[in-house]
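J.: So the chains spell out like this:
There are 2 protein chains.
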Amino acid sequence: MSDDALVIFTPSGKRGRFALGTPVLTAARQLGVDLDSVCGGRGICSKCQITPGYGEFAKHGVTVAENALSEWNEVEARYDRIRGLKEGRRLGCQAKVMGDVVIDVPPESQVHRQVIRKSATQRDMVMDPATHAYYVEVAEPDMHEPSGDFQRLAEALRDQWQIDGLTAEPAILARLQPILRKGEWKVTVALHRDHHGQPRIIDLWPGFYEGRLYGLAIDLGSTTIAAHLCDLRNGNVLASSGLMNPQIRFGEDLMSRVSYAMMNPGGDKEMTAAVRTALNSLAQSIASEAGIDPTQIVETVFVCNPVMHHLLLGIDPVELGQAPFALATSESLSLPARDLDLSAIHPNARIYILPCIAGHVGADCAAVALSEEPNKSEDMVLIVDVGTNAEILLGNKDRVLACSSPTGPAFEGAQISAGQRAAPGAIERVEIDPATKEPRFKVIGSDLWSTEDGFAAATAQTGITGICGSGIIEAVAEMRMAGLLDAGGLIGSAEQTGTARSVPTGRTHAYVLHDGSAEGGPLISVTQGDIRAIQLAKSALYAGARLLMDELGIEKVDRVVLAGAFGAHISPKHAMVLGMIPDCPLDKVTSAGNAAGTGARIALCSIAARAAIEEEVFRIHKVETAIEPRFQEHFVAANAIPHATAPFPELSAIVTLPDVSFNTSGSGGDGGRRRRRG
Amino acid sequence: MSDDALVIFTPSGKRGRFALGTPVLTAARQLGVDLDSVCGGRGICSKCQITPGYGEFAKHGVTVAENALSEWNEVEARYDRIRGLKEGRRLGCQAKVMGDVVIDVPPESQVHRQVIRKSATQRDMVMDPATHAYYVEVAEPDMHEPSGDFQRLAEALRDQWQIDGLTAEPAILARLQPILRKGEWKVTVALHRDHHGQPRIIDLWPGFYEGRLYGLAIDLGSTTIAAHLCDLRNGNVLASSGLMNPQIRFGEDLMSRVSYAMMNPGGDKEMTAAVRTALNSLAQSIASEAGIDPTQIVETVFVCNPVMHHLLLGIDPVELGQAPFALATSESLSLPARDLDLSAIHPNARIYILPCIAGHVGADCAAVALSEEPNKSEDMVLIVDVGTNAEILLGNKDRVLACSSPTGPAFEGAQISAGQRAAPGAIERVEIDPATKEPRFKVIGSDLWSTEDGFAAATAQTGITGICGSGIIEAVAEMRMAGLLDAGGLIGSAEQTGTARSVPTGRTHAYVLHDGSAEGGPLISVTQGDIRAIQLAKSALYAGARLLMDELGIEKVDRVVLAGAFGAHISPKHAMVLGMIPDCPLDKVTSAGNAAGTGARIALCSIAARAAIEEEVFRIHKVETAIEPRFQEHFVAANAIPHATAPFPELSAIVTLPDVSFNTSGSGGDGGRRRRRG
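Line by line, the protein sequences are chains B and H.
The working numbering numbers the first residue of the first sequence as 1 and each following residue consecutively.
The working numbering numbers the first residue of the second sequence as 1 and each following residue consecutively.
The shape of chain B in the complex, shown without the other chains:
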């Protein structure tokens, strides 16, 4: 009989020979097999459960004898008695290799499960969150070799988990002695360890702590704050929640908030206090939704644009409102939560804020880069994160460029006559029959088109209240396709278009989408002003993308990714009819959903990802739109619908746009020249 044995792990297929008597957990670790353990192999945590297979394994060329593992031992028996062990399962730290064996690691014993699921792709991600719980057994004090309890705990973490340089605040030191004694020198320590500084104790519990640690990934937008509550062991999202950014009352867009800070002494502090209060209430509500205590939240990751970033940190954003748009700090930040007054979560919780790319290209754009990885793309990808400001990334594995473009809030339904947020009752889809010029639409909250039976009943509750961002984009594009709008963006009169839905409003016209006035509801129409607002927004977006394309010297991109909560709802065809994005095969235009939020979750789950994006941000080449004369040229040239700066072979293959021109009155012709940033 040999004194070693072959061990094969499934599903990984990893294999190796080990001395008889080697615990399965040890073998797994030596082979790099993904087998969980929290207690360090002491038979306490039960995370390392495995299922040995017995009999003939032709595929692996091995036969496993009944006694291939050591016998069921006392630790396993006790564990089974108290908590129950599934049929056929063993504890990997207790079962020892006694002969050739095939061992299956069930999914719940794997740490490194894929956690980030996106509509288009799934990403396998290794969980390595900054905050993690460690169980240790600490040496008792010895009068003859006096050392502090803290020093013996540090020694235990060094010996048992190879963690060096432990630190703790006085408030933690004050709790250490009673906890060590209550746990009889066994303790579970929640440690924060990232690439910025030494490991520090966040919390500690006597004995083995069964509880979970949670983190928040927060996308702090100018308009909305979106949060995901994640389990830090496996990355699972327990709850997602959002609320309006209360800073809206100080100004709708970024520039108005910067102006508010400039005009009102202490205005920046008001806005800082407002957003911090909102973050505390968001933490409380998301925790209560998930049924956990908010103090179980030990980490929070933020992504946000530079103005939100500064206001969150308590920094006056005034410099961001004027050239050269200098950030107070651009690199990532690792802070105690109390520095940002986040008192609702764990008192020792830590904050991580992704790095900003430039004065107008924030941590939210960095998060999109982390999520969408243009730097790993083989083909040339254009990523636009559509919000109040659009962040634009263009590149491939060779080089990535970034800029920000001041689209304004029109794409979000603001500054639109009948505009509203994407909420039940809002028109989100629009179709216009090119022959009859009659519209049909869908509202959020119902799957029926307005022309279908039962639509009235289905929307009775919410009513038809307005039109949201995706609705206005579709409406404008459909109006253009139906010949209600010319390439210059003018709405034709009833005579010119042949439909009574085109009604005069002063010197211009509007197209009536829905008239609810008979039922006491609103009249929802698309006005010439709405068209101008959308033209401004889409010109800014396109001009930004085009500027980056110029910089790379390319005329076309291989694919387009629409990101942003709103990006998820934009129809690629309509976006292209509008000329929001360059011409591209329609099946190459995909949505990444809230890519910034996804990036925040990735950073929450992995310090390696944090290090990677910090490094990548240095490599991204930033282009400042505000001072680039070509941006203005592209912006003006992009005013037409679709823009006139490049041909649309891909779009032309599927849509023929009517060759109409309503420019008889000359009105509205200056619409494309106004622009704001914000």
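By construction, these hints were calculated from the structure, which means they are not laboratory data.
C-beta atoms are modelled at their ideal positions from N, C-alpha and C, and glycine is treated no differently.
Part of the chain B face toward chain H, derived, beta carbon under 10 Å:
(1) A154
(2) A171
(3) R175
(4) Q198
(5) H310
(6) L313
(7) E319
(8) A323
(9) F325
(10) L327
(11) A328
(12) T329
(13) S330
(14) H360
(15) V623
(16) E624
Assemble the complex: chain B is given as a structure, and chain H must be docked to it using the hints.
T.: Chain H in isolation, oriented as in the chain B frame:
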């Protein structure tokens, strides 16, 4: 003509050849000459002033021509115009070497002046405080290469001062942008840099900051809190101040405070709050005494015993009251001052607390070791820091041992019938005529003996109020020398001693030192109880020293250092008559004054010293008196006056003690058996 020249610096004598055109400051730096500079050689700070010598220097073998240095330049002229430059002085950063030259560095241009002056020895110390101001010029923001202002500041510190890894808190980041712009991209940054963690910004000012940075060195004792306010540029002490530890109301000695914490839930928090409040008011008063703003205090170093250490940190000291006397933490601590609620000083000030040696041997003992350096001593030195607890160090460069001994507060005048703190009116010196048995004494506040003319007038203001620690030690020793007391510690009756000053008090006797009752003052006598209290204290002290001598296997020490504020006032002869310390040549018994406070000042001025003591503390061998049976044996044997455990050849050479015995009644014989720790 050669293209390099000989440069000789005085007083160091360092010399080297440098290319013509080399600035004097550069030459000094390359030779390691101690020439100050704060602005990095930009002609702003004027710290690098030097005095060139001209003519024949036979000693150095060089003749210095009038044009040996470059001509007086615009920067020097401007400096002289605005602030005035002393006759013959040049700015080292402006004057360039143009020929062989001898350059004197005046004392005020040297950084590394000796700063710690002690009565016995002077110590040269290199100033390298953790907090230091740096002047830098920061690159302006560039839209095309966007980076945060903070990142450009960090780069400037890296380039101009070789300081890497800068960090700052959000509150500092919030102030950065306006300050950089106000100073036109020139800024002075106060940085905290120690061996625990990354450099962090404490404060910053636009342009070149003329102000000073200060630090506090605090000896936090059970009874008194003593503080020195130091200038962090040169280590000078601007003011020294002290106050009573307000924790006294919770218990006079350490053990009573530990008991208070045990008996009263939240009692530890009360004591923590009390000491922190006192520290804030001490910081305020010492700053006002020195005429500075307390927020200019950017660092504080603490030394204290373990119970004070834990209570300062907000840690319940209960474990220190029972075996195995486990410290919550033993290593040094580097903390923000706000963690200890020290709100009176700079809001970003830092705290450094020296390491503890063991559960009974605290950071105060570590500070004594740092100040007295037994580990560098060639001869065998015994260092006793006499306070409520005595800390004892014994050793030489080969090995150092430490222990703590529970002397109790008798040496400080507490638990003595007429005892009081060392304050005006207290008897501090005593002599008793062996023939007449009549005493004479001095009181604090007057230099006259009580038998001298004018004594009554000199003490009229203060009165004669009691007897302090040094007074009671001298009184007891003098009583023994005068035959009023036998070796067992019994006071003889009037018949036995032949003086009416021996008066009966119950079953024992007391010796009347001073009867002020006629003038309405107190009767000050030494009672049998007082003798017992002193016997307990000195037995504990001697037993501790003896235990360490046993451990090293030695019968005698080469020298004795008495430390502690009180140690400064003990007369070596009287200490030896009492048997407080082992027999030793009298001229080898010296006082180190408040060595713990000196150690705190050294740590305040030098991070190298902090690193050194942290390392040394690991090497010091700790002996726990509380569990050592031999300590009890020594303690009992040391009860006699002087102790009976070792001969006193050195003492016998100068004093003959009367061979009396008053032990007729048997009373008081158990006095030596009681003992407490605290």
